[in-house]
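Residue numbers (the numbering used here), protein chains in the order written: chain G, 1 to 151; chain X, 1 to 151; chain A, 1 to 151.
I should point out that these hints are in silico values taken from the structure, not numbers from a laboratory. Virtual Cβ for every residue (Gly too), placed ideally from N, Cα, C. Treat the hints with care, as some may be off.
[What the hints assert, rightly or not] Okay, the calculated beta carbon distance ranges per label pair:
id: 1; chain 1: A; residue 1: S2; chain 2: G; residue 2: E19; range: 49 to 59 Å
id: 2; chain 1: X; residue 1: E54; chain 2: A; residue 2: E5; range: 46 to 56 Å
id: 3; chain 1: A; residue 1: L14; chain 2: X; residue 2: V13; range: 45 to 55 Å
id: 4; chain 1: X; residue 1: A101; chain 2: G; residue 2: D44; range: 20 to 30 Å
id: 5; chain 1: X; residue 1: A78; chain 2: A; residue 2: A101; range: 47 to 57 Å
id: 6; chain 1: X; residue 1: E16; chain 2: A; residue 2: L58; range: 40 to 50 Å
[As the list claims (entries may be wrong)] With a cut-off of at most 30 Å between alpha-carbon atoms, the simulated DSS-like pairs for lysine-lysine come out as follows:
id: 7; chain 1: A; residue 1: K42; chain 2: A; residue 2: K6
id: 8; chain 1: X; residue 1: K46; chain 2: X; residue 2: K23
id: 9; chain 1: X; residue 1: K6; chain 2: X; residue 2: K46
id: 10; chain 1: A; residue 1: K23; chain 2: G; residue 2: K6
id: 11; chain 1: X; residue 1: K6; chain 2: G; residue 2: K23
id: 12; chain 1: A; residue 1: K6; chain 2: X; residue 2: K23
id: 13; chain 1: G; residue 1: K42; chain 2: G; residue 2: K6
id: 14; chain 1: G; residue 1: K6; chain 2: G; residue 2: K23
id: 15; chain 1: G; residue 1: K23; chain 2: G; residue 2: K46
id: 16; chain 1: A; residue 1: K6; chain 2: A; residue 2: K46
id: 17; chain 1: A; residue 1: K23; chain 2: G; residue 2: K42
id: 18; chain 1: G; residue 1: K6; chain 2: G; residue 2: K46
id: 19; chain 1: A; residue 1: K6; chain 2: A; residue 2: K23
id: 20; chain 1: X; residue 1: K46; chain 2: G; residue 2: K23
id: 21; chain 1: X; residue 1: K42; chain 2: A; residue 2: K23
id: 22; chain 1: G; residue 1: K23; chain 2: X; residue 2: K42
id: 23; chain 1: A; residue 1: K42; chain 2: X; residue 2: K42
id: 24; chain 1: A; residue 1: K46; chain 2: A; residue 2: K23
id: 25; chain 1: X; residue 1: K6; chain 2: X; residue 2: K42
id: 26; chain 1: A; residue 1: K23; chain 2: G; residue 2: K46
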Amino acid sequence: MSVYEKLESLGIVLPEMPEPLAKFVPFVRSGNLIFVSGHIAKRDGKPWVGKLGETITLADGQQAARGVAVDLLAVLHAATGDLEQITRIVKLLVLVNAGPAFTEAHLVANGASELLGDVFGERGTHARSAMGVAQLPFGTCVEVELIAEVR
Amino acid sequence: MSVYEKLESLGIVLPEMPEPLAKFVPFVRSGNLIFVSGHIAKRDGKPWVGKLGETITLADGQQAARGVAVDLLAVLHAATGDLEQITRIVKLLVLVNAGPAFTEAHLVANGASELLGDVFGERGTHARSAMGVAQLPFGTCVEVELIAEVR
Amino acid sequence: MSVYEKLESLGIVLPEMPEPLAKFVPFVRSGNLIFVSGHIAKRDGKPWVGKLGETITLADGQQAARGVAVDLLAVLHAATGDLEQITRIVKLLVLVNAGPAFTEAHLVANGASELLGDVFGERGTHARSAMGVAQLPFGTCVEVELIAEVR
């Protein structure tokens, strides 16, 4: 099954590539690597505000991370013109807006990691770091940065 | 206008490459990428201490980020011998020392991003992640890490 | 002295490559770079829990960081089959679980950086960013991510 068939089977419609909300570009390609900017979680087109461990549940945090992964796919689609050109998801950096007692950033991050695995299969397995940070732009609950390898 | 003429027109004199204050080197080149260590904001040669949202203003945070970008240029100059060899600023990681309610890390980060855009033009546009962190080395208000592509 | 002789002289026995505790892989190689996932500090095989500046000393944090570096070497050994294939430790990202007043993340990070320097010599010098974060997976005190260059 192609990546696009897989997305369809998951009921995922790729959005337009999100517009950066500050002075940067969505991605830069250098050699065979695409560096995708940290993208923040959104709901109904607006920043999905919340702090894990305080004002938002783990389940919502995971959904937010999954949603960011969909946006990252939209960026990779725009960057390549064809997601089949992606040979590997190399690395994620997962930033979780967290109170000082929230110790499950890795479970939040799984929301993004699982989607990428579902869509890309073996090519979607990746290295990763996850952490709880003090705050994120716009008060959003999750931000994810990605490096992918392209043919 | 060359990068150096642009710097002169902005009234920027590149400092000596800052000395690392711990057990690391300012940059490592691998292939066509230069990985520049996270550099901390300084004022009058000393760490610029402050926490956004608590003890330092947004405007000062932006100035601090801009100052770090100048230091990063000094590192790139030392790394290449000629900033014209830089073909792209690839990615920034912008760490903002922030209280748990400060949601404008992206605006602080713009202080660095705008300078790089001013100096390098199209080559200066870059991918980026920005976040508020619990603390930074020496209590400094901003730290920025950079990846650049070189000819 | 080879890397393995150096490890032996330091009394270090490389462990098995640690199993990821969530949905990611320990490393991904792309071209000549190996991206190693953020690994968390452990003691007696379990997450080494603590927050710098609050519930754990600087000296313990440094030991924890050193221990993570040993685990990262175990990953690089598994990734390459021979640590002599590593031509450079390129970059570390050092995440320190820290209270909002702890300003010595760089000293914690030295625990990892010094070990890599001891083992690899000149090849072990690296770029680095260090920061205090709000929390880490499992409440662990230190997490370190690494990029290495391989022949």
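Right, here's what the structure says about each hint:
no. : hint                       : result
1   : A:S2 / G:E19: 49 to 59 Å   : holds (52 Å)
2   : X:E54 / A:E5: 46 to 56 Å   : holds (50 Å)
3   : A:L14 / X:V13: 45 to 55 Å  : holds (48 Å)
4   : X:A101 / G:D44: 20 to 30 Å : holds (23 Å)
5   : X:A78 / A:A101: 47 to 57 Å : violated (34 Å)
6   : X:E16 / A:L58: 40 to 50 Å  : violated (30 Å)
7   : A:K42 / A:K6               : holds (23 Å)
8   : X:K46 / X:K23              : holds (18 Å)
9   : X:K6 / X:K46               : holds (27 Å)
10  : A:K23 / G:K6               : holds (19 Å)
11  : X:K6 / G:K23               : holds (19 Å)
12  : A:K6 / X:K23               : holds (19 Å)
13  : G:K42 / G:K6               : holds (23 Å)
14  : G:K6 / G:K23               : violated (34 Å)
15  : G:K23 / G:K46              : holds (18 Å)
16  : A:K6 / A:K46               : holds (27 Å)
17  : A:K23 / G:K42              : holds (23 Å)
18  : G:K6 / G:K46               : holds (27 Å)
19  : A:K6 / A:K23               : violated (34 Å)
20  : X:K46 / G:K23              : holds (28 Å)
21  : X:K42 / A:K23              : violated (39 Å)
22  : G:K23 / X:K42              : holds (22 Å)
23  : A:K42 / X:K42              : violated (35 Å)
24  : A:K46 / A:K23              : holds (18 Å)
25  : X:K6 / X:K42               : holds (23 Å)
26  : A:K23 / G:K46              : holds (28 Å)
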